[in-house]
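Asker: Those protein sequence lines, which keep their order, are chains E and Z. According to the numbering used here, the first sequence is numbered sequentially starting from 35. According to the numbering used here, the second sequence is numbered sequentially starting from 5.
Don't read these hints as lab results, they were simulated from the structure. Please read these numbers as outputs of a predicted model, since none were measured by experiment. None of the hints are false.
Pairs of lysine-lysine residues, derived as DSS-like cross-links and limited to a Cα-Cα distance of at most 27 Å, are as follows: (1) E:Lys45 to E:Lys93; (2) E:Lys93 to Z:Lys50; (3) Z:Lys80 to Z:Lys50; (4) E:Lys105 to Z:Lys89; (5) Z:Lys40 to Z:Lys50; (6) E:Lys193 to E:Lys45.
Short derived list, chain E residues pointing at chain Z, Cβ under 8 Å: (7) Leu46; (8) Ile61; (9) Arg65; (10) Ala66; (11) Pro71; (12) Asp126; (13) Arg149; (14) Ile153; (15) Ala157; (16) Glu191.
Beta carbons: idealized from backbone N, C-alpha and C, even for Gly.
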Amino acid sequence: MKRDHPFRPLKLVAGASTGGHANELLILLQRAPSFWPAMPQAYVTSMQIGERSFAAFDKPVYVLGEADRTKPLRSLHVFFRALRVAWRLRPDVVVTTGSLPLALFCFWAWVLGARIVWIDSVAQVDRMSASGRFVRLFADLCLVQWPEVARSQRGTEYKGELF
Amino acid sequence: MFAFDRLVRAMDEHVAAGRIREQVFAQIGSGTYVPKAMPFERFVDKARFDELMASADCIVSHAGIGSIATALEHGKPILVLPRLKRHGEVVSDHQVATARRYAERGYVLVAWVEQEIPAALERLDGFLPAPRHANVDGIAARVGDFLRDVQSGSE
Chain E
35 MKRDHPFRPL
45 KLVAGASTGG
55 HANELLILLQ
65 RAPSFWPAMP
75 QAYVTSMQIG
85 ERSFAAFDKP
95 VYVLGEADRT
105 KPLRSLHVFF
115 RALRVAWRLR
125 PDVVVTTGSL
135 PLALFCFWAW
145 VLGARIVWID
155 SVAQVDRMSA
165 SGRFVRLFAD
175 LCLVQWPEVA
185 RSQRGTEYKG
195 ELF
Chain Z
5 MFAFDRLVRA
15 MDEHVAAGRI
25 REQVFAQIGS
35 GTYVPKAMPF
45 ERFVDKARFD
55 ELMASADCIV
65 SHAGIGSIAT
75 ALEHGKPILV
85 LPRLKRHGEV
95 VSDHQVATAR
105 RYAERGYVLV
115 AWVEQEIPAA
125 LERLDGFLPA
135 PRHANVDGIA
145 ARVGDFLRDV
155 QSGSE
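Isolated chain Z (complex conformation) (with noise of 0.2 Å):
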């Protein structure tokens, strides 16, 4: 799992000033920045993940694909913060469309620089993320009609 110290390092700061009240549990993944104001471990099993998924009230992370799906399924509000390249936190800068797009939809809020983190959170309190439906069966269907029309020869 690849380090992201400015969101580590954001939260842990924010909790040691006070202005974020809520307890906080982080999983730091391989950087180099050490919490000292919040409890974290550098990586989860799955069971333990999902322990802690379950008992969160909100969840806040990186703007990537997995870690939204994640907490959708789970039914949890999300807050995150885009990777960014200029940090070096990435190759490319589609966190941030990532998190445009979800943010559009309702799906997500987004901090767009750590410093919005607390007064984020406090808007996630309230926030409902609208339901997302992934249509899975709307794609096996076209692959499928695709692969009968191949064995029937007329494709």
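Bound conformation, chain E alone (with noise of 0.2 Å):
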């Protein structure tokens, strides 16, 4: 999939679960400009309280609600308001370090046609998260963050940590 208008700048939407997840994603925006052509035009988040970790970037922060694995109607609601929110931000590329709200919504904006970038919590020490086993199905670059877990996952990468 090519992007339809090259001379566009590139929408870069940045997104994590408050807590654990959301403080690995700031980490890693701290070192964003060194690195990056361009910073995010938008961020996602899980909770409300989350919201103003990223206040500080100026930039739209969406919130998708809590969901888990073993809360499978939380899970339904959040699946359809991160229909709404990609639809809304129509990323180009979306990088996050999850969770599973964060999975959600990269589905629905992989399905919008967006590359998706996945960086798998340092908390996964032995194998991918469930939700990073789900999203390596349609994602374009995982990375995980200890060497053992890349050696036991096809498809993904070990190239540092965030903590």
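Both chains are sitting in their own frames, so use the hints and assemble them into the complex.
Answerer: So, in structure tokens, the structure goes:
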């Protein structure tokens, strides 16, 4: 899939669940200005309280709601919220450090044409997270933070760690 | 902050019985066990937390990535007791894997059961955590290369 307007600036969206995942993303974003051609134009997180973590970037922050595998109904709600946010943002690229709510957002963004960069949490020391294994099916770049995990999971790369 | 009564109670009982002689301060979160032998607070704010962290010789905590990273950042030796699913302390036993991996790299010491805490604390006294240098730039650079590829249309 090629982008239809090659001269339009890259629409980049970054996201992470509130808590540890967001902390990992924030550490990455601190170094991003030295390495990325553009900074994100919007942020996505899971809880209202997590909005303020991204306030310093002065870009819109969207909240998906919390979900995990043990709460199917909540997850369904987040699934449709993720569609609404993905539809509104129509990103070219999504960069995320997880978890499930962001995996659902990645799915819709991918359906709508986005490239997906998934960075599995440093907390995943033995194998990729369930969300990561799902996103790996359609993601363009999957990074894990332990060499052992990269060896155990095809299609993933180890390039370093966020903490 | 989720409760971890098993660790709080164990620490308190070890202090009460004289098996731990160091000066202990506990942040206990929302647990129901109230310590009798050690000073504690339920929650401390960030400023107070940093102050406590700076003045501590060592840290005892659950095997959460956040706690481990904080201790390593401050260069403090840390002893971890993994939260366990069978005690209802977490939904999966991922802290067991975390503790094992960080211990095998020499970053932390582990007490697998509460009874091991006093003996592990003695080992912690001479324990120098392996320096951990997170390679954030490695990840930022890889993502940056990918973004440039997308931008130029070659991805």
